[in-house]
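Assemble the whole structure, with the sequences as input and the hints as a guide.
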Amino acid sequence: TLSSFNKTAYLEVIDAFSGEWNISDAFRLRATASLTKRKTSSDHFVSPLSNQFYYYSGEDISKRGSYDYGELDETAFDGNLILTFNKQIVNHFFNLAAGSNIRTSVFDYREINAIGFSNDRFTSIGFSKSYKENAHPISQYDQDRLFGAFLSGNYSFRNKYLLDVSARLDGSSKFGKDNRVAPFWALGIGWNIHKEDFLANTAVSQLKLRASTGLTGAVSFPPYLSKTMYGYFTDSWYSTGVGAGVSSYGNEDLQWQRTRNYDIGLDLGLFNDRLLISPRYYYKLTTDLLADIVLPPSTGFSFYKENLGDMVNRGLEINLKYEVLRGRNYSVSLNGNLAHNTNVIKRISNALTEYNKGADNDQTKPENVGMPLLRFKEGQSLNTIYAVRSLGIDPENGKELFINR
Numbered sequence: 520t521l522s523s524f525n526k527t528a529y530l531e532v533i534d535a536f537s538g539e540w541n542i543s544d545a546f547r548l549r550a551t552a553s554l555t556k557r558k559t560s561s562d563h564f565v566s567p568l569s570n571q572f573y574y575y576s577g578e579d580i581s582k583r584g585s586y587d588y589g590e591l592d593e594t595a596f597d598g599n600l601i602l603t604f605n606k607q608i609v610n611h612f613f614n615l616a617a618g619s620n621i622r623t624s625v626f627d628y629r630e631i632n633a634i635g636f637s638n639d640r641f642t643s644i645g646f647s648k649s650y651k652e653n654a655h656p657i658s659q660y661d662q663d664r665l666f667g668a669f670l671s672g673n674y675s676f677r678n679k680y681l682l683d684v685s686a687r688l689d690g691s692s693k694f695g696k697d698n699r700v701a702p703f704w705a706l707g708i709g710w711n712i713h714k715e716d717f718l719a720n721t722a723v724s725q726l727k728l729r730a731s732t733g734l735t736g737a738v739s740f741p742p743y744l745s746k747t748m749y750g751y752f753t754d755s756w757y758s759t760g761v762g763a764g765v766s767s768y769g770n771e772d773l774q775w776q777r778t779r780n781y782d783i784g785l786d787l788g789l790f791n792d793r794l795l796i797s798p799r800y801y802y803k804l805t806t807d808l809l810a811d812i813v814l815p816p817s818t819g820f821s822f823y824k825e826n827l828g829d830m831v832n833r834g835l836e837i838n839l840k841y842e843v844l845r846g847r848n849y850s851v852s853l854n855g856n857l858a859h860n861t862n863v864i865k866r867i868s869n870a871l872t873e874y875n876k877g878a879d880n881d882q883t884k885p886e887n888v889g890m891p892l893l894r895f896k897e898g899q900s901l902n903t904i905y906a907v908r909s910l911g912i913d914p915e916n917g918k919e920l921f922i923n924r
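Under this note's numbering, think of the first position of the sequence shown as 520, with each following residue one higher.
By construction, these hints were calculated from the structure, which means they are not laboratory data. A quick note: this is a predicted structure, and the numbers were derived from the prediction, not measured. Any given hint could turn out to be false.
[To be verified] The list that follows gives simulated cross-link-like pairs (lysine-lysine, DSBU-like), each with its CA atoms no further than 30 Å apart:
1. Lys746 x Lys556
2. Lys679 x Lys803
3. Lys714 x Lys840
4. Lys679 x Lys727
5. Lys696 x Lys714
6. Lys896 x Lys884
7. Lys696 x Lys746
8. Lys727 x Lys556
9. Lys884 x Lys918
10. Lys679 x Lys558
11. Lys696 x Lys803
12. Lys679 x Lys648
13. Lys679 x Lys840
14. Lys696 x Lys648
15. Lys876 x Lys918
16. Lys803 x Lys651
17. Lys746 x Lys840
18. Lys803 x Lys727
19. Lys606 x Lys727
20. Lys824 x Lys803
21. Lys865 x Lys896
22. Lys651 x Lys526
23. Lys876 x Lys896
24. Lys803 x Lys884
25. Lys556 x Lys526
26. Lys582 x Lys651
27. Lys558 x Lys840
28. Lys865 x Lys803
29. Lys727 x Lys824
30. Lys651 x Lys679
31. Lys679 x Lys606
32. Lys556 x Lys606
33. Lys714 x Lys746
34. Lys840 x Lys727
35. Lys648 x Lys582
36. Lys824 x Lys746
[Stated by the list, open to error] The calculated label-pair distances, taken between Cβ atoms and stated as ranges, are:
37. Tyr574 x Gly917: 49 to 59 Å
38. Glu886 x Leu682: 58 to 68 Å
39. Tyr660 x Phe613: 19 to 29 Å
40. Val851 x Ile922: 55 to 65 Å
Even for Gly, the Cβ is constructed at its ideal location relative to N, Cα and C.
Written out as C-alpha cells, the structure is:
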C-alpha cells in the first residue's frame, strides 16, 4: 500500500572484434579484442509513512523517508595477438603458437544516501531534504592492468603419443614495483593406448594415460593491496585543507603466488564409451601463498595481504559416467564424482611467525579467553583449529577452567 521500492537497472554492452590472416597453409595470424561496458544502478526508497519511522516526532518528522542511490560503472578491455603454425608431415603433427595479451579494467562506484520526504507521493531523490546524519557521498575507483607474452607447442605422432609445452611471462600492476613480472611454464605428455593394435576389437573404446607438470600463478585480490592507502577526512576542514589518515596498510613486497603442479590421470572408456572412468592424482606445491593477515583493532587496520609461506596440497579425484539408456535422439546418464584433498603448511614467513606470537599474547587477554584465534603452524593444515581444552565451570566463581597448552 506504500510507494516504497527497491529497484536495480543493468546495462551491458560487449563489442568483440577478431581478424585472421592466413599467411600460408601453415601460418595464420589472429587478433582479437573485446571491450565490455557495464553500468549498474540501484534505487532504494522507503516511504515516510513506513513503520520504520513510526516513532519519529518533533524535529525528527522532517527526517522520515530515505533514498539510497548507487551507481557502478565498469570498463574492461581484453586483447591478444597470436601467430600459429600448423603442419602435418606424414605421421607427425606440429602445432606452435606465439603471442601476447593485454587486459585492463576500471571499476568506478558512487553512492549517496538522502533522508526527509514530505509525503508518500514524492518518490524522487530530488524531493529529499538532506543527506543522512553524519553521512556524505561515497565513491570508490579501482584500476588494474595485466600484460603477458607466451609461447606454446603441441606435437603428436600418429595421434598416439602427445606432447604439450608452453611458457609465458606475465606482469600485473597489483604487485609491488619490484615483483610485478613473473615467468610460468607447463609440460604435458599423453599416450592414446586405445590406438595401439593390441587393443583393437576389444571392449576398450578409450584408454588414455596423461601426465603434466608446470608452474602457475594467481592474482585474485583487489588492485590496491600492495599500496598504502589514505582516506580524506571530508567532515573536518582546516585552514590548510582537509586532513588524511592511513586507511589500509600496503605491502610493497607483495609478490606472485606460484604453484608447482604435478598431475597424472587416466581416461578409460568401455563399450563404445558407455562407461567412462577418469581417476586423477595431483600434487601441488604453492610458494609465497597469498593470505589475509588479520590485525588487532588497535593497529587501525583490520587486515593486510601477505605472502605467508609454502603449502602442499595432495588430492585424488575420480569421475564416473554411465549411459543407462542410449537412443538416436536421447540418452540417460548417471554421473558420479569422488574427491579427497589434504593440505600441509611447509614453511611460514617471518611476518607470520611474529603474527603467531601476537596471537599467543592476545589469547591471554580477557576478551579472547576461550576464543580460538587463527594461527599458522608448519606441519599443520591451513584449516587446523587451535583451541584450549576445558575442565568445565568452576562452581565457586562460575568461571571456566582451561588447561594450559
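Hint by hint, here is what the structure shows:
Restraint check: the Cα-Cα separation between Lys746 and Lys556 comes to about 27 Å, which is no more than 30 Å; the hinted pair holds. In summary, the hint linking Lys679 to Lys803 is supported, as the alpha carbons are separated by about 28 Å, within the 30 Å threshold. Proximity of Lys714 to Lys840 is assessed by CA-CA distance (about 22 Å); at most 30 Å being required, the pair is judged to hold. Between Lys679 and Lys727, the direct Cα distance comes to roughly 9 Å. Compliance with the 30 Å bound is thereby established for this hinted pair.
Restraint check for Lys696 and Lys714: not satisfied, since their Cα atoms lie roughly 51 Å apart, outside the 30 Å limit. With a C-alpha separation of about 21 Å, the suggested pairing of Lys896 with Lys884 holds against the 30 Å cut-off. Restraint check for Lys696 and Lys746: satisfied, since their Cα atoms lie roughly 10 Å apart, inside the 30 Å limit. Simply put, Lys727 and Lys556 have alpha-carbon atoms about 43 Å apart, too far for the 30 Å limit, and the pair is violated.
Distance restraint check for Lys884 and Lys918: the Cα-Cα separation of roughly 15 Å lies within the 30 Å cut-off, and the hinted pair is therefore satisfied. With a C-alpha separation of about 50 Å, the suggested pair Lys679 and Lys558 falls outside the 30 Å cut-off, and the hint is violated. A distance of roughly 27 Å separates the Cα atoms of Lys696 and Lys803; the hinted pair therefore holds under the 30 Å criterion. Distance restraint check for Lys679 and Lys648: the Cα-Cα separation of roughly 76 Å exceeds the 30 Å cut-off, and the hinted pair is therefore not satisfied.
The suggested pairing of Lys679 with Lys840 holds, with an alpha-carbon distance near 24 Å, which does not exceed 30 Å. A distance of roughly 47 Å separates the Cα atoms of Lys696 and Lys648; the hinted pair therefore is violated under the 30 Å criterion. A threshold of 30 Å between alpha carbons decides the hint, and for Lys876 with Lys918 the separation of about 26 Å falls inside it, so the pair holds. Among the hinted pairs, Lys803 with Lys651 is inconsistent with the structure: their alpha-carbon atoms are about 51 Å apart, more than 30 Å.
Between Lys746 and Lys840 the CA atoms are separated by roughly 49 Å; this puts the pair beyond 30 Å, and the hint is violated. Restraint check for Lys803 and Lys727: satisfied, since their Cα atoms lie roughly 22 Å apart, inside the 30 Å limit. Under the criterion of a C-alpha separation no larger than 30 Å, the hint pairing Lys606 with Lys727 is consistent with the structure, at around 24 Å. Distance hint between Lys824 and Lys803 is fulfilled; the C-alpha atoms sit about 22 Å from each other, no more than 30 Å.
Simply put, Lys865 and Lys896 have alpha-carbon atoms about 9 Å apart, close enough for the 30 Å limit, and the pair holds. For a cut-off of 30 Å, the pair hint linking Lys651 to Lys526 stands: about 20 Å separates their Cα positions. A C-alpha spacing of about 11 Å is found between Lys876 and Lys896, which places the hinted pair at or below 30 Å, so the restraint holds. The straight-line distance between the Cα atoms of Lys803 and Lys884 is roughly 38 Å, outside the 30 Å bound, and the hint therefore fails.
Restraint check for Lys556 and Lys526: the C-alpha separation of about 21 Å stays at or below 30 Å, so the hint holds. Proximity of Lys582 to Lys651 is assessed by CA-CA distance (about 8 Å); at most 30 Å being required, the pair is judged to hold. Taken as a hint, the Lys558 and Lys840 pair is broken in the structure, with Cα atoms around 42 Å apart against an allowance of 30 Å. Note on Lys865 and Lys803: the hinted pairing holds, with a Cα-Cα distance of about 12 Å set against a maximum of 30 Å.
Only pairs whose Cα atoms come within 30 Å are accepted, and Lys727 paired with Lys824 is rejected, the gap being roughly 42 Å. Between the alpha carbons of Lys651 and Lys679 the distance comes to roughly 70 Å, so the proposed pair goes past 30 Å and is violated. Restraint check for Lys679 and Lys606: satisfied, since their Cα atoms lie roughly 17 Å apart, inside the 30 Å limit. Between Lys556 and Lys606 the CA atoms are separated by roughly 39 Å; this puts the pair beyond 30 Å, and the hint is violated.
With a CA separation close to 55 Å, the supplied pair Lys714 and Lys746 exceeds the 30 Å bound. Between Lys840 and Lys727 the CA atoms are separated by roughly 16 Å; this keeps the pair inside 30 Å, and the hint holds. A distance of roughly 8 Å separates the Cα atoms of Lys648 and Lys582; the hinted pair therefore holds under the 30 Å criterion. Restraint check: the Cα-Cα separation between Lys824 and Lys746 comes to about 10 Å, which is no more than 30 Å; the hinted pair holds.
Checked against the hint of 49 to 59 Å, the pair Tyr574 and Gly917 fails, with Cβ atoms roughly 38 Å apart. Checked against the given bound of 58 to 68 Å, the beta carbons of Glu886 and Leu682, roughly 60 Å apart, stay inside it. In this structure, Tyr660 and Phe613 break the distance hint of 19 to 29 Å, their C-beta atoms being roughly 47 Å apart. At roughly 57 Å, the beta carbons of Val851 and Ile922 sit within the given window of 55 to 65 Å.
Hints 5, 8, 10, 12, 14, 16, 17, 24, 27, 29, 30, 32, 33, 37 and 39 from the earlier list are contradicted by this structure; the remaining hints agree with it.
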